[in-house]
Amino acid sequence: MTRRLASGVLVSVALVTAAPVHAYLKFGVQVGTETVDVRWPDESVRYFLNERDIAGVSAADFRAAVGRAAATWQAVPGVRLRFEDQGFTTAAPVGLDGRNTIGFLDRPDLDRVLGSTSLLLDADTGALVEADIFFNTRFPWSVAQQGESGRVDLESVVLHELGHFIGLGHSAIGETEPSPTGGRRVLGSGAVMFPIALSPGATADRVLQADDMAGAQDLYGDGSLSSGSIVGRVTKSGRGVYGAHVLAVNLETGRMVAGFTLAGDGSFVIAGLDPGPHVLRVEPLDDADVESFLSGAVDVDFRAAFASRFAVAPAGGSSASIEIQVVPK
Amino acid sequence: MRRRLRVAALLPLISACIVAASPALSAQSADVPSPVPHHVTVSAGLLWSGGYAIGDRTVELRGNAVGPTAPPFTLFRAESSVDASAGVTGRAGFAVTRDVTVEFGVSYQQPGITTSLAQDAEAPAVTIDAERLSQYVFDAAVLWQLPRFKFGTRARPFVIGGGGYLRQLYQERTLVEHGSVYYAGAGIRYWLRGGDGSTRAFGIRADGRLQWRLDGVEFESKTRVGPGFTALAFFEF
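So the sequences go chain by chain: A and B. Following this note's numbering, the numbering of the first sequence begins with 1 at its first residue and continues without gaps. Following this note's numbering, the numbering of the second sequence begins with 330 at its first residue and continues without gaps.
Only chain A is shown next, with the shape it has when bound in the complex:
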């Protein structure tokens, strides 16, 4: 998966053993008649770092930034996951070599791709076998603690790519507008896993948001959390809507976790929620390329809307199904 600086242009990255996205903010793979999560089979994941220096970022700086981002994912409450730094390597962060490699790569052709993660998985089980991450040297990078105007914050992008590395897809919690230079500019973002990066110099994406953490807890949860889930359907003129983005907001905590309608009947499941009442807001996937999130015929021809009542996520359980009706634009 790729992260774009501000792209409206479809960028195809053929480095990945492409896994279709079936589940909310997780990668999934079809095994028989079931969709299974793509995840590491063990709680310990090893990685190597390419030893290359680039302008403004030494190999030591790079290693430190990756270490901080890895520690951020490890620190998510209720998650059993551990990254192990195996040191430097001369191997490039691409290709199949049996090692998970993270490093810089010259990709001037990808003029809007900041970083990219390629995943190799066992198609029979969904288990990850190998993952590599590269960061594009085409862009000016920074590891300055407060960020650096005009330079992309490395730790923020590492944190995003490590999300893919552990099996998360893109989140759609964000609002954008067309950019005068092409592509889209982020107005606001509610997840590190939003597919379009904040402006160069911004460092807000060093901190995981509720949606990011819910995804990690869903994949690698240790069972210590008594979170709940909300289920329902999005319909338009009585028919299910595929690819609608459903945001659940807990009015007590302010936490935002989202999901997608992933079937033709418009059904959705949002897991990893704090118990309590949630406001549900539905919107079309029109703030980034649809392909950043889902494959298939995504319906974006409807207006944003709220559910007509609360959806209550019970502790350790699931809500009654709620239907949200939308109207065409």
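To be clear, the hints were calculated from the coordinates, so they are not data collected in a lab. Please read these numbers as outputs of a predicted model, since none were measured by experiment. Hints are not guaranteed to be accurate.
[To be verified] Taking beta-carbon pairs under 8 Å as the criterion, some of the chain B residues facing chain A (in silico): (1) L390; (2) R391; (3) N393; (4) A394; (5) P401; (6) F402; (7) A407; (8) T444; (9) E451; (10) I457; (11) D458; (12) Y499; (13) E501; (14) T503; (15) L504; (16) F548.
C-beta atoms are modelled at their ideal positions from N, C-alpha and C, and glycine is treated no differently.
Starting from the known structure of chain A, arrange chain B on it as the hints suggest.
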């Protein structure tokens, strides 16, 4: 909300007026009605609680700007309140003296929650009747019948104060919220029969009160104050 606060502020004033300024008020005499000490009184009736706000929230995304203080992007704004509601209540009291009664009670109401959603750049503003709660309050109180005052030969004013446990269940009964309620108020007890200790007594009573709620269904962890009224029939054994 302003109207609610005004009503709430008026209640103790009204109660004080009833107690202190009624022309029918007179000093206590030997024929004033009272509960018989060490007797039990059972009451049942209706109650009403005023609505109250439970929290405003501006739902925000992180803004896109350089530096740690980037202004947030407002996604929408939500204002929520618990609606006024009526319910039923039952109480049991024990007269410690002629003027002081200790009471225990339970009440049940089904207030609704209303949430207004606005300031969304994409979705139209809406008000959702979000949820109907099943609400129970288990409380204890002290009722003090003002010893110096009465209204005629059958009615006497009292003040009451107490507190208890608040239990609120969401509509689907899948989640319980816990909290506490405290209240203080004043009212009148009117004996239809008895009150002089010579026979089994019964009558009616009503009071107005201010209620302080802590926790329960609450989005801002604030103490909420609102008015309440009860009207009961009582039987003394």
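Quick rundown of the hints versus the structure:
no. : hint : result
1   : L390 : holds (3 Å)
2   : R391 : holds (5 Å)
3   : N393 : holds (4 Å)
4   : A394 : holds (6 Å)
5   : P401 : holds (7 Å)
6   : F402 : holds (3 Å)
7   : A407 : holds (6 Å)
8   : T444 : holds (7 Å)
9   : E451 : holds (4 Å)
10  : I457 : holds (6 Å)
11  : D458 : holds (7 Å)
12  : Y499 : holds (5 Å)
13  : E501 : holds (5 Å)
14  : T503 : holds (4 Å)
15  : L504 : holds (5 Å)
16  : F548 : holds (5 Å)
Going through the hint list in order, the structure satisfies each hint without exception.
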